[in-house]
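Sequences and hints are given; from them, build the entire structure.
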Amino acid sequence: MSVFRQLLTVSAIGVSTLPQRRGTSFVIVAGVACVVAVLVSMLSIAAGQTRMSLSGGGRDRAIIQPKAVTGESNSNLGQDQISIVLNAPGIARGPEGSPLADPEFQMGIMPPLGSFGDPLEIRGIGPTGIRIRDEFRIEAGRLFRPGVQELLIGVGASKVLGLGIGDKVLMPGGFWPIVGIFSNGGDASEGVFFADARTLLSATKRKGYASVIAKLASPESFDEMHDWIGRNPALALKSERVSDYFLRSGGRQLALLTRATYVIGVIMALGALFGATKIMYAAVRARTREIGTLRAVGFGGVAVAGSVLLEAMLLALIGAALGTLVAWLAFDGRVVYSGGVFRLHVSAPLLALGLAWGAAIALLGGVFPAIRAGRLEAATALRAV
Amino acid sequence: MRYLPLVWAAFRRHTTESLLTFLVLTVAFTLFGAMLALRAAYDHAIEVNRMDRLFVTARFCCTGLSIGRRAEIERMPGVRGVGLIDALLGFHQEPSMQLGVWMIDAGTIAAIPELRLTPEDWKLLQATPNGLLFTRSLAALWKVKAGDAFPVKTSNNRREDHAEAWPFTVAGVVNDPATQIDWMPNIYASYDYFEASRSREERGLVQFVVAIDNPDDARSICRQIDTRYANSETPSYCEPLRIGAQNVVDSTITMRQMSLGIGAAGLFMILFLCANSVAESVRERLPEFAVLKTIGFGDRQVATLVVLESVLPAVSGAVLGMALASLLSSFTSRLGEGSGLTLPAASISGGIVALSLGVALLVGAVSALLPLRRLRTMELAPVLALAGL
Numbered sequence: 001m002s003v004f005r006q007l008l009t010v011s012a013i014g015v016s017t018l019p020q021r022r023g024t025s026f027v028i029v030a031g032v033a034c035v036v037a038v039l040v041s042m043l044s045i046a047a048g049q050t051r052m053s054l055s056g057g058g059r060d061r062a063i064i065q066p067k068a069v070t071g072e073s074n075s076n077l078g079q080d081q082i083s084i085v086l087n088a089p090g091i092a093r094g095p096e097g098s099p100l101a102d103p104e105f106q107m108g109i110m111p112p113l114g115s116f117g118d119p120l121e122i123r124g125i126g127p128t129g130i131r132i133r134d135e136f137r138i139e140a141g142r143l144f145r146p147g148v149q150e151l152l153i154g155v156g157a158s159k160v161l162g163l164g165i166g167d168k169v170l171m172p173g174g175f176w177p178i179v180g181i182f183s184n185g186g187d188a189s190e191g192v193f194f195a196d197a198r199t200l201l202s203a204t205k206r207k208g209y210a211s212v213i214a215k216l217a218s219p220e221s222f223d224e225m226h227d228w229i230g231r232n233p234a235l236a237l238k239s240e241r242v243s244d245y246f247l248r249s250g251g252r253q254l255a256l257l258t259r260a261t262y263v264i265g266v267i268m269a270l271g272a273l274f275g276a277t278k279i280m281y282a283a284v285r286a287r288t289r290e291i292g293t294l295r296a297v298g299f300g301g302v303a304v305a306g307s308v309l310l311e312a313m314l315l316a317l318i319g320a321a322l323g324t325l326v327a328w329l330a331f332d333g334r335v336v337y338s339g340g341v342f343r344l345h346v347s348a349p350l351l352a353l354g355l356a357w358g359a360a361i362a363l364l365g366g367v368f369p370a371i372r373a374g375r376l377e378a379a380t381a382l383r384a385v
Numbered sequence: 001m002r003y004l005p006l007v008w009a010a011f012r013r014h015t016t017e018s019l020l021t022f023l024v025l026t027v028a029f030t031l032f033g034a035m036l037a038l039r040a041a042y043d044h045a046i047e048v049n050r051m052d053r054l055f056v057t058a059r060f061c062c063t064g065l066s067i068g069r070r071a072e073i074e075r076m077p078g079v080r081g082v083g084l085i086d087a088l089l090g091f092h093q094e095p096s097m098q099l100g101v102w103m104i105d106a107g108t109i110a111a112i113p114e115l116r117l118t119p120e121d122w123k124l125l126q127a128t129p130n131g132l133l134f135t136r137s138l139a140a141l142w143k144v145k146a147g148d149a150f151p152v153k154t155s156n157n158r159r160e161d162h163a164e165a166w167p168f169t170v171a172g173v174v175n176d177p178a179t180q181i182d183w184m185p186n187i188y189a190s191y192d193y194f195e196a197s198r199s200r201e202e203r204g205l206v207q208f209v210v211a212i213d214n215p216d217d218a219r220s221i222c223r224q225i226d227t228r229y230a231n232s233e234t235p236s237y238c239e240p241l242r243i244g245a246q247n248v249v250d251s252t253i254t255m256r257q258m259s260l261g262i263g264a265a266g267l268f269m270i271l272f273l274c275a276n277s278v279a280e281s282v283r284e285r286l287p288e289f290a291v292l293k294t295i296g297f298g299d300r301q302v303a304t305l306v307v308l309e310s311v312l313p314a315v316s317g318a319v320l321g322m323a324l325a326s327l328l329s330s331f332t333s334r335l336g337e338g339s340g341l342t343l344p345a346a347s348i349s350g351g352i353v354a355l356s357l358g359v360a361l362l363v364g365a366v367s368a369l370l371p372l373r374r375l376r377t378m379e380l381a382p383v384l385a386l387a388g389l
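For the record, the sequence lines run as chains A and B. Per our numbering: the first sequence = residues 1 to 385. Per our numbering: the second sequence = residues 1 to 389.
If you are wondering where the hints come from, they were derived from the structure by calculation, not from laboratory data. It cannot be assumed that every hint is accurate.
A few chain A residues that don't get close to chain B, going by computed Cβ distances all over 12 Å [what the hints assert, rightly or not]: (1) ARG51; (2) ARG93; (3) GLU139; (4) PRO177; (5) ARG198; (6) PRO219; (7) ASP244; (8) GLY300; (9) LEU355.
Output of the computed footprint for chain B on chain A, the stretches with three or more beta carbons under 8 Å from beta carbons of chain B [claimed, not checked]: (10) 20 to 34; (11) 205 to 214; (12) 256 to 270; (13) 280 to 291.
The list that follows gives simulated cross-link-like pairs (lysine-lysine, BS3-like), each with its CA atoms no further than 25 Å apart [claimed, not checked]: (14) LYS153/B <-> LYS67/A; (15) LYS207/A <-> LYS67/A; (16) LYS123/B <-> LYS143/B; (17) LYS238/A <-> LYS153/B; (18) LYS207/A <-> LYS153/B; (19) LYS67/A <-> LYS205/A; (20) LYS205/A <-> LYS168/A; (21) LYS143/B <-> LYS153/B; (22) LYS207/A <-> LYS238/A.
Glycine is no exception: its CB is placed at the ideal position from the N, C-alpha and C atoms.
Below is the structure:
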């Protein structure tokens, strides 16, 4: 009998005895499930935010801001600079030849009198701003009218804040009604309000715009525009793709969170690994008579060792599948707010990572018990019984 | 003590497996301790922001409050003093070297004593109008000393001369604050210099930090301030610093929200292993327990032995786990980066150690429950007969 067939036979015998060892088997399944559920759940935050940053037309649009600023909230872009930027090569142009670029800004509005909390984010955009967002859709209601103090709310913000059409928000100059709910391909802007930029500028007495959002002639024309802006001595501006900007904005804290997740994942995996090793040692001990008999009738050490590893792998993969399922059921699609509204995403690569994590625990945890099982001599094993 | 040799013998029965169980317990309690310490660090970072300090800014973006309101707020009942709290944000030398400069005056120093700035420090700033005061820790971080030029490039506060760089000089190095205000930088400059140099249209517009007598009055004084200016051209927004810090933590996903869940998952993981190990050990040693009972050990004594076999590894694992968690926790301060919070290195407090030991006792006791039931109902004769005794 070939080693492979021996392996299959011994493994089948091992698996058939699992019901008799269901208590110990469950320990491996539960341990690995805990590790993988925690790991995948935590990583779904970064996956959700990354998906949000890359969704919509973020690769086809660029954001141009002053070099010194860290974000749009503390940025001021002069009209003279905007005029120059609009002539940059690489920016798409409409049928009438005008550049498809929109000076915009984002600002915070503090919560109403008597309450404390995070500011509501309002983005001032112009008609071109709507035009260059190909994914922009009015889901309910209508668009704001130019010159009128009206708001649109993103679908994400609407869900998190519990606001909808007809609700009013205290703004400079009084209460502004929400007249529409918009979606934008699932990107970060769905977590904010939109208002007519000129109306908002005049109401807030803001001195200027914060950035220019430009539609690129093609995703590849970014470099041309980027170089031109960088080389122009009249401009102290920087440009980046909108998707990169979103990734960078939330990136620092996310990077820390992701790093912490892997540290926790490794610590928990270490616990599960020791646990799996202990359980597999106990399993080998419990099956000493069976292993001795198998060796006596001619099964090789490699087949016996391999069967122990396969059994550990099977139990760990069941645990990992259970862990990823729990994480997927509990977190996938859940709308959260973390510096922006986005949905947690238990992606296919995360599911694969969870299974791989479980398999690695089984492999490392099962190797020493497998070696012990493989080295058991028939006579010694049968004598020990 | 008389049980210890028996417990030790049980541990030595399958040394490798016993050691592995102990390691799992240690790892789980390391994680549990580290997560509790991390949560405590976040709570501490919120607590250090004082409830008797109020931040007052414009309710709507892009402007400040008139500096004339300072005297009006100072006259309100319960208010001890009002400091200016305005910052220049920018970078030094390269865009990656981000920093902020806090504009202060003599009133700010008097109103916020926890900054530990002295009238002499203010005199230093008056002697060098474009001077910067670095706290000791930040001076060490930026490697600066008195007399160094330290230009700061910014775009949020435009200068009247349209220059982007502020030509600061290091005027001196001062005390670190007793209590850090989280989002404020600890590099100080003179508000008078700032006011004289910034663009004309931005002059006279500021934000305030208000010191009040009684932290319990924080919400009502905030309401008074905001009500007073509700119908003005620039309504105000007042918020106690501690509530602001709490909002920062609540508004982003941080390790704080997840810490308890992770700790609980770690414990859940060991509960099955611990219970299984004790059950297996008791099952394999039924004849041994039968012999003990035959020679006169009562139910209570056998139960004590089993509970000790279960509890001792759990408690030892918890003790070693706490020591390892203490090491791990020294790295947690980095998790505050980017969240707007200054997170201190977490530490394992007496409370965390006590809670972990309590959980270890509980895990040990719960793990022993089922095996104990089995031992209590055990018939001696068949067990001894089957064991050939």
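So, going through the hints one by one against the coordinates:
Its beta-carbon lying about 15 Å from the closest one in chain B, ARG51/A satisfies the requirement of being farther than 12 Å from that chain. Against chain B, the non-interface label of ARG93/A holds: every CB pair exceeds 12 Å, the least being about 29 Å. Even its closest Cβ contact with chain B, about 25 Å, leaves GLU139/A beyond 12 Å, as expected for a residue assigned away from the interface. In this structure PRO177/A is separated from chain B by more than 12 Å, as the shortest Cβ-Cβ distance comes to about 17 Å.
Consistency note on ARG198/A: stated as away from chain B, and its beta-carbon is indeed over 12 Å from all of that chain's, at 14 Å minimum. Every CB of chain B lies more than 12 Å from the CB of PRO219/A, the least distance being 25 Å, so the non-interface label holds. Separation of ASP244/A from chain B is adequate, the least Cβ-Cβ distance of about 15 Å exceeding the 12 Å criterion. Separation of GLY300/A from chain B is adequate, the least Cβ-Cβ distance of about 24 Å exceeding the 12 Å criterion.
Residue-level check passed: LEU355/A sits 18 Å from the nearest beta carbon of chain B, beyond 12 Å. Only residues whose C-beta sits within less than 8 Å of a C-beta in chain B count toward coverage, and the region 20 to 34 of chain A has 7 of them, enough to reach three; the restraint holds. Note: the region 205 to 214 of chain A has 3 residues with beta-carbon separation from chain B under 8 Å; the three-residue rule is met and the coverage holds. As drawn, the region 256 to 270 of chain A meets chain B at 7 residues by the rule of a beta-carbon pair under 8 Å; at three or more, the given contact holds.
Given a C-beta distance limit of less than 8 Å, the hint that chain B covers the region 280 to 291 of chain A holds, as 3 residues qualify and 3 suffice. Our distance criterion of 25 Å between C-alpha atoms is met by LYS153/B and LYS67/A, whose separation comes to about 10 Å. Distance restraint check for LYS207/A and LYS67/A: the Cα-Cα separation of roughly 18 Å lies within the 25 Å cut-off, and the hinted pair is therefore satisfied. Restraint check for LYS123/B and LYS143/B: satisfied, since their Cα atoms lie roughly 23 Å apart, inside the 25 Å limit.
Pair hint LYS238/A plus LYS153/B holds up; C-alpha atoms about 15 Å apart against a cutoff of 25 Å. Only pairs whose Cα atoms come within 25 Å are accepted, and LYS207/A paired with LYS153/B is accepted, the gap being roughly 20 Å. With a C-alpha separation of about 24 Å, the suggested pairing of LYS67/A with LYS205/A holds against the 25 Å cut-off. The hinted pair formed by LYS205/A and LYS168/A meets the criterion: a straight-line CA distance of about 21 Å does not exceed 25 Å.
Straight-line distance between C-alpha atoms of LYS143/B and LYS153/B comes to about 18 Å, which keeps the hinted pair within the 25 Å bound. With a C-alpha separation of about 20 Å, the suggested pair LYS207/A and LYS238/A falls inside the 25 Å cut-off, and the hint holds.
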